[in-house]
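Undergrad: What follows is the residue order along each chain.
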Amino acid sequence: MSDNTLNLTLRVWRQPNRNAPGKIEEYKISGISTDSSFLEMLDELNEQLTVEGKEPVAFDHDCREGICGMCGIVINGVPHGRGNSLDTPTTTCQLHMRKFKNGDVITIEPWRAAPFPVIKDLAVDRSAFDKIIQAGGYVSVPTGAAPEAHANAVSKLKADRAFDAATCIGCGACVAACPNSSGMLFTAAKITHLGLLPQGQPERALRVKRMIGKHDELGFGGCQNLGECAAVCPKSIPLDTISQLNRDLIASLFKGDGKH
Amino acid sequence: MAAKKPEDFFRIGAEISDKKAPDKPIDQVWQTRQFEAHLVNPANRRKLTVIIVGTGLAGGAAAASLGEAGYNVLNFCYQDSARRAHSIAAQGGINAAKNYRNDNDSVHRLFYDTVKGGDYRSRETNVYRLAEVSASIIDQCVAQGVPFAREYGGLLDNRSFGGVQVQRTFYARGQTGQQLLIGAYQALSRQVDAGTVKMFPRHEMLELIVVDGRARGIVTRDMVTGAVESHIGDAVVLATGGYGNVFFLSTNAMGCNNTANFRAYRKGAYFANPCYTQIHPTCIPVHGTNQSKLTLMSESLRNDGRIWVPKKAEDCTKDPRQIPEEDRDYYLERIYPSFGNLVPRDIASRQAKYRCDEGLGVGPAVTEIDPDGNERQVRRGVYLDFAEAIGRLGKDAVSAKYGNLFDMYAQITGEDPYSTPMRIYPAVHYTMGGLWVDYDLSSNIPGLYVCGEANFSDHGANRLGASALMQGLADGYFVLPNTINDYLADALSFPKVSQDAPEVVEAVTAVKDQIDKLLAVDGERTVDSFHKELGSIMWEYCGMERREEGLMTAIQKIRELREEFWQNVKVTGVNEDFNQTLERAGRLVDFFDLGELLCIDALHRRESCGGHFRAESQTEDGEALRDDKNFLYVGAWEYGGEGGKPILHKEPLVYKAIELKQRSYK
Amino acid sequence: MAVTGLVLIAFLLMHMIGNLKMFIPVYVNEVGETVNEFNHYAEFLKQDLLYPILPKGVFIWIFRLVILACLVLHIYSAVTLWLRANRATASKYTVKKTIKQSFSSKWMRWGGILLALLLTWHLIQFTIVPTLAGDHDPRSLVIAAFQQPLFVAIYVAMMLVVYLHLAHGFGSAFMTLGANTSPKAERVLRVIAHWVAALILVGFVAMPFSVLAGVIN
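Residue numbers (numbering that gives the first Met the number 0), protein chains in the order written: chain D, 0 to 259; chain P, 0 to 665; chain A, 0 to 216.
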């Protein structure tokens, strides 16, 4: 808690729609409490713009507690932003203004990647991620067909690793940070989550082939193992999930059930 | 102008009752109903279209299950992906009567705990079924690959949660809701791939289409292009969540709204028990006027933290570590010596409010409008202190137990809870009320089904911890797919509805008219400023404690605010665009009306029960006092027309399997 | 990409060992023959390896074809990846920071192009021209070349680019093949990559510098 307030210069990407050209617009905003979140600061900007009769800045957000994955803005060149420090990654909604200094100039841009076209201003279309999951990111178990929960024991180590991968919130920061706009970390998180559990085994080979096929088809770039994705992931999905994906992919080439 | 008596605000209609639950002993009701329900031949299912609004645990699970069954499903959500529904934010866990701990748990005990926790205001048959299917939910989720917490032996771990005495809560760290939702989302994605479910993300339902008395479709607005479209089907399922955002500040997501439910209400669906709202005691307090939402921290913190405020008002601005022990008031331990800091949610919440009202709150002073219309500065926060626990268990042990919650607190407040006490304050969290449904989850409009938090059915006046996830998935996976067929069995003989049917055209026109009307006002005040004001009225008069005259004041204030809204709101931009201001304005229109209905329901229910506390109905110790003689019923409200009074239909509650008791936590 | 890259790295290591034979001076053995280890090695590679399984001089062509194929496939994969990346990143940030990406990884593509050019020059100088001229004394050829500071400078520059390419490429290849099993494994791979790259850099530049300094003559 503090009583400090900030005066800031915001350089915000404004783009009316998907096909129109966009540009950076500059706004001054003052009296921002250091206790407010970054999105609350944008709320205030929008209140100010509305009162001035200008169009507010469009941005996606929902739960504002760092779990839904809806928010995502590149702040000063870093997806989800870090303020003036480069410590642990977070979601945009969990970035607080105390990370900034009075007088800061903050550049605010949308995720930029061809598979994530801009809808308006800072909001982008991430439906490509849904399509990757639809290509195989599931276990085929119809409702009611499940065996008793204790039928399969799962080693705690594997369950914990699967959980780490399963915490992906699908925000797209990995793609936004990647110099190749690759969606490998997102895809690998699901492959790893399901691939480590006994329930995910029957479809393992087929899953990795279909999901990577869809990933490439949707226009995401390839992986160079640069590590930018994991460095901005708000859920700290580790880079080694990508190696897990690669192992599964190589293994699937030698398995009959990898065909479909 | 203001009416003087509560009775002036509503009319009384005919009593109603559930006609679907067979009259059998409670443990045979569900299997009898499943057997008696009419079936739809698999070959006919693909000829039937089910519209499902919402993709959370209830909606997502229902869409996946009905898609698998072979129906043609259209699934809508306002988010950009089905995976983002607010079920994702649930932290604690999900209950199931598995009795894996060998500690006397059973379907009957889960049923009993849920009815008792709901303060005997829920329908017995529905709750029993919830407990019955709970075990299958865990099986289903595990098979989907939900990574529940496990022990070293590889089997599932359980914990005790929400004040019950058995360990029946399954959990996935502090992210159970996320993992369950991702499981449902994966099942849904599989059906999208199979072509049985068609997804409509970034589509908001703005009207219900009723033809010949049956729900036959919805009108949506494409939130990217602004296109207002009608969708026709054979049944409509609303799984649109709760209405906590009527308070503006709540733990709900920013987009959570009640428009779909309220549009159905305006078309004749009954809205039941809106006054049952749950306040969660351990949330991070408000930091200032631009606060946009509140963040919940797991209640488990109260297991080791001690709650206190300074005894002297002048200490409230001091560093809490400098306040000596004798100047601290550990008020819960003082008032409730046997339960102490673990008293139920509503009691802990109310006591925190009293302390702050008395001027003993801590943290930043926030501007409020008092009942006389004057501005006042109030500190809304109490300390939750871990110094004693750290001394007793050591910092490492406390960190192992609560590390992620402490990190979250530090991230949001910038304070270190290991060295300085946390500040907490209650916040609106869950709403037990919702559209009235029968045993089949059908509303009183044939063909309109309601699942999850959006209906009123299972939690009575108060919801137990780890039961929301259970109910959402029970409805979506196991209940609705076994009841909706009873209605759809006849649906092939319904007349076809075309896009230019008068009822469809009328619904589309109504939506477009409201949009035009909102854009035409072109006033001075922003949408959010109205929403914040509505929220502060609701919180002040209809929050943790409600009184007759306060509620009538609130209704009057809401009406005035709504009037001003239509004169002076500023909605920028045009409809044919991605226009988030327009979206919020439309939702607020329905929140005004819902806020009023909520106050009327609270006004009429002159008893305290669960999440509804009427100051006039309390024991000498200040505890909630139920009035079973006069209020043992579900209050289902029928829309009374524009400017008309809502009509109250009572559904008497009959308890056959459980005996009514008054709770006590002293 | 990964497989061909690793084959090429293996080739570089072998090539390096050959080069280091330059440090063995020409000497006269006990029976009075003049022994030129480097030239002998070169001759062995070109004529005698796998003889008599294969006729003399055949293996070197198979070997060259394999290396060339790896090179072509490596470049083909790189170009494909680059084109995909270009399509995927069509719109650019006005401000973009990198957090984790190493300096060497930023040089993979332009460095690769530079490397292809320098390699062409290298082959012309030390393989194509001498072969066409029928020169059979590579040792003298190498010494003559590296007595000129300009050639040493170009050669060292080429090896620096190789260093950068391998400092990322070696570890990355293993990650692509699935060897990154934990954050620790990732750190180990990245460190090993730097050591392998450094070994190759030192192994290759030691000889030209020695020639320039007159240690080898």
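Hints may be right or wrong, so weigh each one.
Said to hold, decoys possible - The calculated lysine-lysine pairs, modelled on DSSO-like cross-linking and capped at a C-alpha distance of 30 Å, are:
1) Lys98/D - Lys55/A
2) Lys91/A - Lys53/D
3) Lys130/D - Lys45/A
4) Lys96/A - Lys157/D
5) Lys99/A - Lys100/D
6) Lys317/P - Lys53/D
7) Lys98/D - Lys18/P
8) Lys208/D - Lys45/A
9) Lys317/P - Lys98/D
10) Lys96/A - Lys183/A
11) Lys91/A - Lys157/D
12) Lys254/D - Lys208/D
Because the hints were derived from the structure by calculation, they are not lab data.
Undergrad: Compare the structure with each hint and give your call.
TA: We went through each hint and held it up to the structure:
1. Distance hint between Lys98/D and Lys55/A is unfulfilled; the C-alpha atoms sit about 71 Å from each other, more than 30 Å.
2. Straight-line distance between C-alpha atoms of Lys91/A and Lys53/D comes to about 26 Å, which keeps the hinted pair within the 30 Å bound.
3. The hinted pair formed by Lys130/D and Lys45/A fails the criterion: a straight-line CA distance of about 54 Å is larger than 30 Å.
4. Distance hint between Lys96/A and Lys157/D is unfulfilled; the C-alpha atoms sit about 35 Å from each other, more than 30 Å.
5. As the CA atoms of Lys99/A and Lys100/D are separated by approximately 24 Å, the hinted pair is consistent with the 30 Å bound.
6. Restraint check: the Cα-Cα separation between Lys317/P and Lys53/D comes to about 43 Å, which exceeds 30 Å; the hinted pair is violated.
7. For the proposed pair Lys98/D and Lys18/P, the alpha carbon gap of about 59 Å is over 30 Å, so the pair is violated.
8. Distance restraint check for Lys208/D and Lys45/A: the Cα-Cα separation of roughly 43 Å exceeds the 30 Å cut-off, and the hinted pair is therefore not satisfied.
9. Simply put, Lys317/P and Lys98/D have alpha-carbon atoms about 25 Å apart, close enough for the 30 Å limit, and the pair holds.
10. In summary, the hint linking Lys96/A to Lys183/A is supported, as the alpha carbons are separated by about 25 Å, within the 30 Å threshold.
11. With a C-alpha separation of about 39 Å, the suggested pair Lys91/A and Lys157/D falls outside the 30 Å cut-off, and the hint is violated.
12. Taking the CA atoms of Lys254/D and Lys208/D, the gap is about 11 Å. The hint holds against a cut of 30 Å.
The earlier numbered hints that this structure contradicts are 1, 3, 4, 6, 7, 8, 11.
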